[in-house]
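Protein chains: 2
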Amino acid sequence: MFVTPTLTVNLSAIVANWKMLANTFAGDETAAVVKADAYGLGMVPVSQALAKAGCHTFFVATLEEALDLRKALPNVRILVFHGVQAGEEFAFATHKIIPVLNSREQLARWKPIAKDHVHAVSALHIDTAMGRLGLQPEDFDTLDASWLTDCRVSLIMSHLACAPDRHHPLNALQLAALTKASAKAAGIPVSFANSGGIFLSRDFHFNLARPGCSLYGIAPEDNAVNPMHQVAHWQAPILQIRATTHEQSVGYGATCIVPKGTKVATVASGYADGYHRILTNKSCAYLGAHKMPLLGRVTMDMVCFDATQVPESELKDGALVSLLGNREGITVDALADHASTIGYEIFTRIGTRVKRVYVEEAV
Amino acid sequence: MFVTPTLTVNLSAIVANWKMLANTFAGDETAAVVKADAYGLGMVPVSQALAKAGCHTFFVATLEEALDLRKALPNVRILVFHGVQAGEEFAFATHKIIPVLNSREQLARWKPIAKDHVHAVSALHIDTAMGRLGLQPEDFDTLDASWLTDCRVSLIMSHLACAPDRHHPLNALQLAALTKASAKAAGIPVSFANSGGIFLSRDFHFNLARPGCSLYGIAPEDNAVNPMHQVAHWQAPILQIRATTHEQSVGYGATCIVPKGTKVATVASGYADGYHRILTNKSCAYLGAHKMPLLGRVTMDMVCFDATQVPESELKDGALVSLLGNREGITVDALADHASTIGYEIFTRIGTRVKRVYVEEAV
Chain Z
1 MFVTPTLTVN LSAIVANWKM LANTFAGDET AAVVKADAYG LGMVPVSQAL AKAGCHTFFV
61 ATLEEALDLR KALPNVRILV FHGVQAGEEF AFATHKIIPV LNSREQLARW KPIAKDHVHA
121 VSALHIDTAM GRLGLQPEDF DTLDASWLTD CRVSLIMSHL ACAPDRHHPL NALQLAALTK
181 ASAKAAGIPV SFANSGGIFL SRDFHFNLAR PGCSLYGIAP EDNAVNPMHQ VAHWQAPILQ
241 IRATTHEQSV GYGATCIVPK GTKVATVASG YADGYHRILT NKSCAYLGAH KMPLLGRVTM
301 DMVCFDATQV PESELKDGAL VSLLGNREGI TVDALADHAS TIGYEIFTRI GTRVKRVYVE
361 EAV
Chain A
1 MFVTPTLTVN LSAIVANWKM LANTFAGDET AAVVKADAYG LGMVPVSQAL AKAGCHTFFV
61 ATLEEALDLR KALPNVRILV FHGVQAGEEF AFATHKIIPV LNSREQLARW KPIAKDHVHA
121 VSALHIDTAM GRLGLQPEDF DTLDASWLTD CRVSLIMSHL ACAPDRHHPL NALQLAALTK
181 ASAKAAGIPV SFANSGGIFL SRDFHFNLAR PGCSLYGIAP EDNAVNPMHQ VAHWQAPILQ
241 IRATTHEQSV GYGATCIVPK GTKVATVASG YADGYHRILT NKSCAYLGAH KMPLLGRVTM
301 DMVCFDATQV PESELKDGAL VSLLGNREGI TVDALADHAS TIGYEIFTRI GTRVKRVYVE
361 EAV
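Keeping their order, the protein sequence lines are chains Z and A. Numbering follows our numbering, with no gaps: position 28 of the first sequence is 28. Numbering follows our numbering, with no gaps: position 281 of the second sequence is 281.
Hints were generated in silico from the structure; no laboratory data involved. Since this is a predicted model, take the numbers as computed values, not measurements. Keep in mind that a hint or two might mislead.
Treat identical chains as interchangeable: a pair holds within one or across any two.
Stated by the list, open to error - Pairs of lysine to any residue, SDA-like flavour, derived with a Cα cap of 25 angstroms: (1) 263 with 27; (2) 184 with 27; (3) 260 with 117; (4) 71 with 356; (5) 355 with 333; (6) 291 with 187; (7) 180 with 309; (8) 52 with 202; (9) 355 with 64; (10) 180 with 260; (11) 180 with 108; (12) 71 with 352; (13) 111 with 241; (14) 316 with 142; (15) 355 with 166; (16) 355 with 45; (17) 184 with 137; (18) 263 with 253; (19) 19 with 262; (20) 52 with 27; (21) 355 with 68; (22) 282 with 341.
Turn these sequences into a full structure, and let the hints steer you where they fit.
Right, dumping it as structure tokens:
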């Protein structure tokens, strides 16, 4: 009944991306990062599809995300990047969620839980350059090794800061720091490679890979051909088409002047739906194979495109316009370029009025 | 149990803003625009508070929003800016939702509904310069007046393109066009003034005002003192604090170098939560009255601030940092300036992981 924008997510393409990453990765296991609702694409359906394909380990950001995922997948391994905050300890233990311990405070918080709950394991994050979360290497150096046992640390992890740039000097510095730290934690598996890390040399691979962006079709490397499949297609219906009866401005602030006879197609997605306002007077959309340049400011609930070149027979109210990810059209990375950001922010900001639709189409 | 970011919305401040706008407006009635989930603040609680304060007319963007609002408020007047799309006609009629008819197609779609349903009224949108939705004035000129009766048009509306700039020449042109059109629709009330329009001269007021942004504390006028109350406060917990043990970079891409001894506070909101990535190395947050500059790139789930100047006694895991709208801190318009956008996009993009909390605190 509702005429609504949709984001069609091809679960088969995500699975194909995961399998390709798992084949590329030289270590033991390839996990999946599904935080932030699987980058906005839908944590539960995405994770269920990956679990069915053989993925056993999932990373989320928060305990709340982990509990939602646990309901859907009772038997997989779920790790929480933010670690365990005060008051969250028992929920982690009860639902067999694994905190990524980031600090001595979190180690101290987990130790009594690990003592009392035989299934309560943890991961330990060593911060080799992000400066964000994790134990600094100097701090890990002085940590008594008994903490690893007492907190039942089952994974050592670190996070690459510049992995998409294979020539960045920080990569080697981070690798050296993690290699040194992991020697102290001998026998405990190590996770280092995010999407970009999988495409660095095998030295960076260690045991467990945890790709995120590349699962969703975002390029894992800068300045390289993107080997991933596009996975999502954002379409929105045309609300109205008009031919201008005189030269006039379009939209707020009168930032765009169009001549008489311009066909303006007004489409039902705006910045409240995550079509970034910075795309104003940039970008374009597609109606079938026909490219339509964006006209004027992106508004909260609508955006206008120039449909003058589209054949009359295809132009009608309710026709679906591709804003992102159709085969002729704009990849998530290309739309992000137009918006001066990265594909991650495009996907994670697609709003709730855009209905997620799941398909399984061979790629 | 969850350690989570929150957006505390002060319903009393929204009501106070609405009352101030209603007092400023010279026409008959002041409505409220609550589309896009009341600009991200929560359509149902915001609308309920306004209805309790005497607001009787609400504008949303889509039928789906209207139906959600109808469940919460059975007796108010609800108008849908997008108008009636094919297949939506009976839902409008059944739930007494009023479409804003934007085109001859929508007029033709509504006419049989208005004929069959005695309560099925409509509004008619005349596009005086936006170039987006609505009947062009030339088209309205040639429209047979019987359509107004047959579609039971109960409101004529138009939308100002440049209202926040009181000196913009388009304002007067739009006013002239609407004045001419409304003469043809004599006896039907007219709505023209959005937030900015309420602060233009009384010529712009007509019968029904429909403020949006100003209800939520966003400045209705450019280059003027903002008379509105701030209404929302975004807080996020500190996940970890560390003092750097050597000069180092913070975050992805190593875009920010901090000296040894810098206290970095990592906070649980990122661009997936609507803390725009473009704020990278800009903006700041507050811990109480202490200002903390932003460090490095905004990431998906976290952002880092420089807490070096914050007294040790106030720095602890779980402490709540103000990202937006505390009394000492950053207004929504100021954060929008940092992000090269407008307050509307800040509010509408605050994500679902940020829990909405409603309070009623006198302003």
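Check residue 180 against residue 108 for me: Cα-Cα at most 25 angstroms, and say if that holds within a copy, between copies, both or neither.
Within. Shortest intra-copy distance 23 angstroms satisfies the 25 angstroms Cα cut-off; inter-copy 74 angstroms does not.
For residue 316 vs residue 142, is the C-alpha pair at or below 25 angstroms within one copy, between two copies, both, or neither?
So residue 316 and residue 142 pass the 25 angstroms test across copies only (22 angstroms; inside, 69 angstroms).
When no copy is specified for residue 282 and residue 341, does a C-alpha distance of 25 angstroms or less occur within a copy, between copies, both, or neither?
Answer is both: 14 angstroms inside a copy and 15 angstroms across each meet the 25 angstroms cutoff.
Are the CA atoms of residue 355 and residue 166 at most 25 angstroms apart within a copy, between copies, both, or neither?
This pair counts as neither: shortest intra-copy Cα distance 37 angstroms, inter-copy 38 angstroms.
If the cutoff is 25 angstroms on CA atoms, where do residue 184 and residue 137 land: within, between, both or neither? Let me know, please.
Classified as within: same-chain Cα gap 11 angstroms, cross-chain 77 angstroms, threshold 25 angstroms.
State whether the alpha carbon distance between residue 71 and residue 356 is at most 25 angstroms within one copy, between copies, both, or neither.
So residue 71 and residue 356 pass the 25 angstroms test inside a copy (20 angstroms) and across (24 angstroms) alike.
I want to check one pair: residue 184 and residue 27. Are their C-alpha atoms no more than 25 angstroms apart within a copy, between two copies, both, or neither?
Intra 20 angstroms, inter 75 angstroms, cutoff 25 angstroms: intra-copy only.
For the identical chains here, do residue 355 and residue 333 meet the 25 angstroms Cα criterion within one copy, between copies, both, or neither?
within (21 angstroms within a copy, 30 angstroms between copies)
Residue 180 and residue 260: within-copy, between-copy, both or neither at 25 angstroms Cα
between (69 angstroms within a copy, 22 angstroms between copies)
Can you give me the call for residue 291 and residue 187, within, between, both or neither, at a CA distance of at most 25 angstroms?
neither (56 angstroms within a copy, 44 angstroms between copies)
One pair to classify: residue 111 and residue 241, alpha carbons no more than 25 angstroms apart. Within, between, both, or neither?
Classified as between; 20 angstroms across copies, 64 angstroms inside a copy.
Checking residue 355 and residue 45: alpha-carbon separation at most 25 angstroms within a copy, between copies, both or neither?
both (14 angstroms within a copy, 23 angstroms between copies)
In this structure, the earlier hints numbered 1, 3, 6, 7, 8, 15, 19 are contradicted, and the remaining ones agree with it.
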